[in-house]
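Enquirer: Chain A is already provided as a structure; the job is to place chain B on it using the hints.
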Amino acid sequence: MSEKFSQKMFLRDLKLPFCPGCGNYSVINCFLRAVYELGYRNFKNFVFCSGIGCAAWIPSPYFLADSIHTPHGRSIPVAMGIKLVRPELNVVVFGGDGDLAGIGLSHLIHAARRNVDITVFMINNQVYGMTGGQVAPTTFLNLRTTTTPYGNIERPLDVSRVIADVGACYVARWTTIHREELKESMKRAILTEGFSFVEILSQCPTMFGRHAGFKSPAEITKWFKEKSILVEESKKLSEQELADKIIVGEFITRKFVPLSQVLKGLKERAGGDRNEG
Amino acid sequence: MKNKLLEPGTYFMQGNEALAEGALFAGCRFFAGYPITPASEILEYLAKKMPRLGGICIQMEDEMASLAAVIGASWGGVKAMTATSGPGFSLMQELIGYAFMTETPAGIVDIQRQGPSTGQATKGAQGDVMQSRWGTHGDYMPIVLSPNSSQEMFELVIDAFNLAEEYRTPVILLADEAIAHMREKVKIPPHSAIKLVERKRPKSREEPFFGGKDVPPMPPLGEGYWIAVTGSTHNEYGIRFTADPEIHRRLAQRLVGKISKNAEKIIKFEEFNLENCDVGIVAYGCTSRSVYEVIKLAKERKVNVGFVRLKTIWPFPEEAVKKLAENAEILIVPEMNLKQLYYEVERVAGCKTNVFPLNKVGGGEMITPEEMLAEILRRFGG
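So the sequence lines, in the order shown, correspond to chains A and B. Read in my numbering, the first sequence has 35 at position 35, and its numbers run on one by one without any break. Read in my numbering, the second sequence has 45 at position 45, and its numbers run on one by one without any break.
Isolated chain A, as found in the complex (with noise of 0.2 Å):
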């Protein structure tokens, strides 16, 4: 299938809502790309599943797709429902930090864990934008929101970090402006035979950059490059030398069986009547 690129093979015919600048169209765009280049010229083989936040809308209705928006903080249990029965499915979650790592925390992990073969995207703008503007619990210290006024007085938690400690097969991070790193990291998670997740820095001028002293989305992105240092540059460098870096690139990849496969054996051993008792 040689069809050309295009968007609309994977959009509906709905404007996208977001603001301009905002980091969900380059999240959009490379996500697309991704699945182009991994041969896909449709998303029937997918399922995307996301919470409550404006980079929960990046799929759901927009894709052409099958989507499912789910309550704050729910997608990645749904997620992991209809991957079980499913599983033949590419199943897909899309969410913002505050969904994911704020009210969604605890399913995030225990999905690692589990090893879920489901995909995680999550889309770091270190706020949350759509009700306004308020601290996350990825916003970097001492930076000001609509409820940290004086400045952000919690350290930030550091997701691909955890997510990769806690059993995940595949965990990276890029920003925005690492559009072809992060492009092949999409497609490297979505290849992964168990829980991959993608953290992506992003920039939300409209509620992030107003607050936290930018004026504009370019200066959240030049910021991202100032700040963005590679995974191997990071080991060079002490504790207190990185407490102000974004740790940019692949965490961790490694092979485990996914739960649905060992759900599958499962069933093989507990099937016919030897286990009786």
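In case anyone wonders, no lab produced these hints; they're calculated from the structure. Ideal Cβ placement from N, Cα and C applies to all residues, glycine included. You may find that some hints are simply not true.
[What the hints assert, rightly or not] In silico DSS-like links for lysine-lysine, alpha-carbon gap of 30 Å or less:
#: 1; chain 1: B; residue 1: K2; chain 2: A; residue 2: K264
#: 2; chain 1: B; residue 1: K258; chain 2: B; residue 2: K195
#: 3; chain 1: A; residue 1: K267; chain 2: B; residue 2: K258
#: 4; chain 1: B; residue 1: K4; chain 2: A; residue 2: K267
[Claimed, not checked] Calculated from the model, a selection of chain B residues having no Cβ within reach of chain A, i.e. all distances over 12 Å:
#: 5; residue: V70
#: 6; residue: Q120
#: 7; residue: Q253
#: 8; residue: K261
#: 9; residue: E264
Expert: Structure of chain B alone, referenced to chain A:
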């Protein structure tokens, strides 16, 4: 434990086991749950038996995740259920509203225990009656069933699945600790005698999946239907529309209406001795077990007791209660809570007759036939 459904015959079964087996008969092949007294036996039974029947039983990280996974599995095309008790039922309310809004068939079991909060975790109660009706936010109309024996745990869970599939909605099986932990005879009928309902599938891709008719067809995932499921207000094609008052009005009225319009078909109850009764009793669940006995005791005191036993609590069986109120001089509503369904009986029957509550909470102690008799004699004389 065999790798197939129980053969027809008579078994001695705990209520929770009968319910779990009934779910398997209903075609449930996905269960997700979180341990909680007094519902854990359902999860344990299905953890063992579900994989033998080719299904999936999984213990989740909490009750929200449990119902969320059930909803995902249901969209995946598999009949699915979760089970919990009051504290977990409270946590599930967000997802109950979501299942209702997205028209997702699902079985939700609440084995009631003494609340509020952690309360008396091992002791039975009937305190979740109103939570089952009004627990989630916004306008909705749940279907809630109330079994009063191991036999009915088996039967009503099958009804629950059938109703869920028929009306594309979550159905709550509201049992209580006494019924769940009691062991008694269960008759498993010939398998061919059990009728199962399956969700309607769309005939074409153009058909709306979220409107058009009271119960729209539910499309399968992964077949190019491009289903947009959302808990936000949506049009009949599932596309989110949160600014248009008319779209919300139409959706909310249809979702409530598809249950209330069919209430007569949904509602099940038993009635005894409605002709010539002096005193009417409206009861459900474990409390209804004492009424069979009090009918005899009252008879000895020359008082005729009529009885409506609710198998369906919501939608509320108004007609049955009205009929009882027309026949009886007074109504008594015994419940193991501090007045819940009493208010509903009062609403329906209060203009016809006096309605009196009889309440008992704490320690899972049942309302005994003697206590009911004393109340009858106090209120009615004889």
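Enquirer: Now look at each hint and say whether the structure bears it out.
Expert: Right, here's what the structure says about each hint:
| no. | hint | in the structure |
| --- | --- | --- |
| 1 | B:K2 to A:K264 | holds, 19 Å |
| 2 | B:K258 to B:K195 | holds, 22 Å |
| 3 | A:K267 to B:K258 | violated, 38 Å |
| 4 | B:K4 to A:K267 | holds, 13 Å |
| 5 | V70 | violated, 6 Å |
| 6 | Q120 | holds, 27 Å |
| 7 | Q253 | holds, 22 Å |
| 8 | K261 | holds, 27 Å |
| 9 | E264 | holds, 32 Å |
Checked against the numbered hints given earlier, the structure breaks hints 3 and 5 and satisfies all the rest.
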